[in-house]
Amino acid sequence: MRSCKSFFRDFLTSLMYEKAGEEAGQLQNLKIKMNMLGEDTTVSGFNRTMSITPDFNVRFSTITNCMEVPRGDRTVLFATVHHLYAIDENQELFPLVFGGKYRFVYNWKEDAPEEAAFDLEYLAGNTYLTRGSWLAPGERKRQITGEELRAGADSVISPEETVYRFFWALDTEDEALFMENVSPDIQITRAGVDGDSYGMTNISETAAFMAEDKQYYSQNQYSVHIDRTEFADDTHAVVHALRLYPADTGNKHRGSQNKFSQFYNEIFTLELEKSDRWKVRRAVFKRKENPVPYGYRVLEL
Amino acid sequence: MDERYEQFCSGENRKAMHRVFLRFIEALREDRFECLSEICTQDCRADFSTVGHLAGIAEMQSKLKWPGPETNISRATVWNFTARSKEGKGQQLAYVQFMRGIDDGEQLWPFQFGGEFCSSFVCENGVWKLSRVRFDLCYEKGNNLFVRGHWRLMDYAKYSGHEPMINAELDNPWLVIPDDCEPQTDEEQIFELMYKYAFAFDHGDFYFLQTFVTDDFMINGSAHRKDYWTMPLESGDFFRHRSVSDFLRDKYHKEARMMHACRMKNIEINGDTAVAYMPRGEEHRLKNRTLTRDNVHSVFSTALHFIYAKKINGEWKMYKYRIEPVSEQIPVEDECLEYHEYLRGGERDAVV
Chain X
21 MRSCKSFFRD FLTSLMYEKA GEEAGQLQNL KIKMNMLGED TTVSGFNRTM
71 SITPDFNVRF STITNCMEVP RGDRTVLFAT VHHLYAIDEN QELFPLVFGG
121 KYRFVYNWKE DAPEEAAFDL EYLAGNTYLT RGSWLAPGER KRQITGEELR
171 AGADSVISPE ETVYRFFWAL DTEDEALFME NVSPDIQITR AGVDGDSYGM
221 TNISETAAFM AEDKQYYSQN QYSVHIDRTE FADDTHAVVH ALRLYPADTG
271 NKHRGSQNKF SQFYNEIFTL ELEKSDRWKV RRAVFKRKEN PVPYGYRVLE
321 L
Chain A
44 MDERYEQFCS GENRKAMHRV FLRFIEALRE DRFECLSEIC TQDCRADFST
94 VGHLAGIAEM QSKLKWPGPE TNISRATVWN FTARSKEGKG QQLAYVQFMR
144 GIDDGEQLWP FQFGGEFCSS FVCENGVWKL SRVRFDLCYE KGNNLFVRGH
194 WRLMDYAKYS GHEPMINAEL DNPWLVIPDD CEPQTDEEQI FELMYKYAFA
244 FDHGDFYFLQ TFVTDDFMIN GSAHRKDYWT MPLESGDFFR HRSVSDFLRD
294 KYHKEARMMH ACRMKNIEIN GDTAVAYMPR GEEHRLKNRT LTRDNVHSVF
344 STALHFIYAK KINGEWKMYK YRIEPVSEQI PVEDECLEYH EYLRGGERDA
394 VV
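So the sequence lines, in the order shown, correspond to chains X and A.
Position one of the first sequence corresponds to residue 21 (the numbering used here), numbered consecutively onward.
Position one of the second sequence corresponds to residue 44 (the numbering used here), numbered consecutively onward.
Some clues are possibly wrong.
As the list claims (entries may be wrong) - Below, computed lysine-lysine pairings styled on DSS-like, alpha-carbon distance capped at 27 Å: (1) A:K353 with X:K308; (2) X:K306 with A:K297; (3) A:K294 with X:K272; (4) X:K25 with A:K201; (5) X:K308 with A:K201; (6) A:K297 with X:K53; (7) X:K308 with A:K297; (8) X:K279 with A:K363.
No lab work stands behind these hints: they were computed from the structure.
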């Protein structure tokens with residue numbers, strides 16, 4: 021039986037290649053709510069919003085922070101996705117890079133995707149291609165929250181899923197989701213760009229930390245690639261993760277030769293403890309000034 | 044022309060070449076090239092990695108025009124300016140960071156690019172003119188479709204990113220003119236150590252590096268780790284040429300073109316020792332910030348360089364180079380061609 025994620029991959033493939041009618045008939049009439057467009061669109065309609073330059077010969081997406089939540093006959097999938105559309109000619113790359121959060125609902129009874137929504141979180145490169153079609157940041161409203169990811173104390177989720185929820189809560193400023201996934205003595209140390217650091221030392225500082233973090237980074241999106249999880253015992257784990265930051269490649273450049281690479285700008289070490297469920301107890305965010313442009317996971321197209 | 048730079052700069056030849064160069068950059072920024080007939084020799088040649096090899100003023104006026112859509116923001120800032128002269132010939136070096144953008148009242152649609160100029164001058168009847176202009180594009184970011192099909196851009200997998208126009212051995216101002224006929228002030232010599240360092244590092248010329256640093260030269264770079272994967276680590280200290288040059292090579296070989304664009308912030312001279320404070324501005328790498336309508340009319344600092352110098356046998360040499368990461372934005376009018384805190388009253392950064 022196929023997973024919801026595999027249908028989501030189909031959806032992204034269709035979105036990028038505009039093949040809804042040919043390869044995924046179920047997607048043809050699916051309405052997509054994209055917050056950078058004024059109205060709902062369809063798979064085939066999306067690419068027309070970038071019709072100024074229709075000759076993209078590179079289309080590539082990366083999924084991170086993917087979480088599936090069962091809801092009766094449905095599965096609700098949440099994920100952060102980075103999209104790269106580009107013209108690659110004569111070893112020169114003309115990219116449009118954008119990313120954000122998806123909410124995708126698959127109805128198992130109907131055996132069809134039911135809903136899709138996307139919140140744009142960043143836009144880089146040849147942004148001019150979207151002028152006149154996509155809404156300005158101030159006009160875009162966040163529609164995807166963390167509410168449905170609040171699982172309750174009896175849910176069983178892995179350390180990795182806990183980490184995804186932890187970051188999702190920071191992105192969406194969902195204090196309830198955050199508190200559900202951290203222990204009361206949560207400590208966060210976050211390196212700033214100038215050698216200083218800031219953070220929080222217990223759960224009561226949650227709102228202040230979220231506000232400071234949002235203010236510090238113009239583009240605040242925690243898209244993480246979990247590198248590995250180490251278990252000390254049944255109740256203690258350490259998750260090592262890297263933060264993807266495709267909008268700004270730090271002291272590297274995105275070019276023709278590395279267009280399929282991933283760019284990271286921070287290293288996260290998260291210590292988790294299991295009581296009733298896994299919770300993040302300590303998180304250290306370090307900057308990594310030299311991102312390594314190697315792809316770890318790519319979407320297979 | 045900025046009178047403050049005129050007062051700072053010693054040497055009439057140097058001042059004259061500075062004025063000419065700024066007029067040339069202003070012409071590029073404003074897309075108005077009438078002045079080329081005044082500031083270039085009739086047989087002037089220009090080698091631009093973006094548009095190719097140009098012969099004569101007419102071709103320069105034609106090919107150097109902005110090929111993209113109409114923009115309502117055009118900025119250009121000059122960094123690392125150096126000029127040397129002897130016997131009617133001059134050689135000049137500078138980094139320039141450009142920004143062309145459209146601000147439609149709602150959003151900013153920017154295209155940023157920067158590169159190195161290394162040009163030759165001649166003095167004709169007492170007037171300094173450009174005789175050969177060389178430009179290598181070092182980076183481009185943002186809406187590069189603005190120039191698609193018109194400019195050769197960067198192939199980041201290739202040495203230099205494109206056919207190089209500047210040659211480290213043949214065009215280096217300090218090698219082309221080893222003995223400047225106009226002596227420089229202590230301040231100029233000390234600030235210039237950073238520009239020499241940038242040229243050596245950015246061109247991978249570590250033999251040249253040895254000519255202006257002491258035997259016990261060290262790099263103190265807290266932000267530059269010896270092992271990028273294992274953190275935290277000891278501070279990034281590198282002693283003497285073997286360690287220093289190996290470290291710099293390690294950085295150098297990973298990029299098509301490096302560009303250490305710096306400016307003069309302040310200087311402290313105490314007898315035969317000195318410290319110069321020189322911010323680096325990487326306008327395409329704003330770390331925790333993105334370029335927006337609000338901050339586009341600014342210069343940025345992304346690192347602060349501390350140049351520790353000592354005078355040995357009458358010559359200033361660098362004995363320590365320290366780097367501290369910073370993130371700073373300074374609003375500056377679009378007309379500003381060159382920004383130096385030192386020329387605006389000076390300011391010593393709190394990071395010492």
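Verification of the hints:
1. Simply put, A:K353 and X:K308 have alpha-carbon atoms about 34 Å apart, too far for the 27 Å limit, and the pair is violated.
2. A threshold of 27 Å between alpha carbons decides the hint, and for X:K306 with A:K297 the separation of about 22 Å falls inside it, so the pair holds.
3. A hinted pair counts as satisfied when its Cα atoms are at most 27 Å apart, and A:K294 with X:K272 qualifies at roughly 11 Å.
4. Only pairs whose Cα atoms come within 27 Å are accepted, and X:K25 paired with A:K201 is rejected, the gap being roughly 38 Å.
5. In summary, the hint linking X:K308 to A:K201 is supported, as the alpha carbons are separated by about 25 Å, within the 27 Å threshold.
6. For the hint pairing A:K297 with X:K53, the CA-to-CA distance comes to about 41 Å; that exceeds 27 Å, so the pair is violated.
7. With a C-alpha separation of about 16 Å, the suggested pair X:K308 and A:K297 falls inside the 27 Å cut-off, and the hint holds.
8. Note on X:K279 and A:K363: the hinted pairing is violated, with a Cα-Cα distance of about 38 Å set against a maximum of 27 Å.
Comparing the model with each numbered hint stated earlier shows that hints 1, 4, 6 and 8 do not hold.
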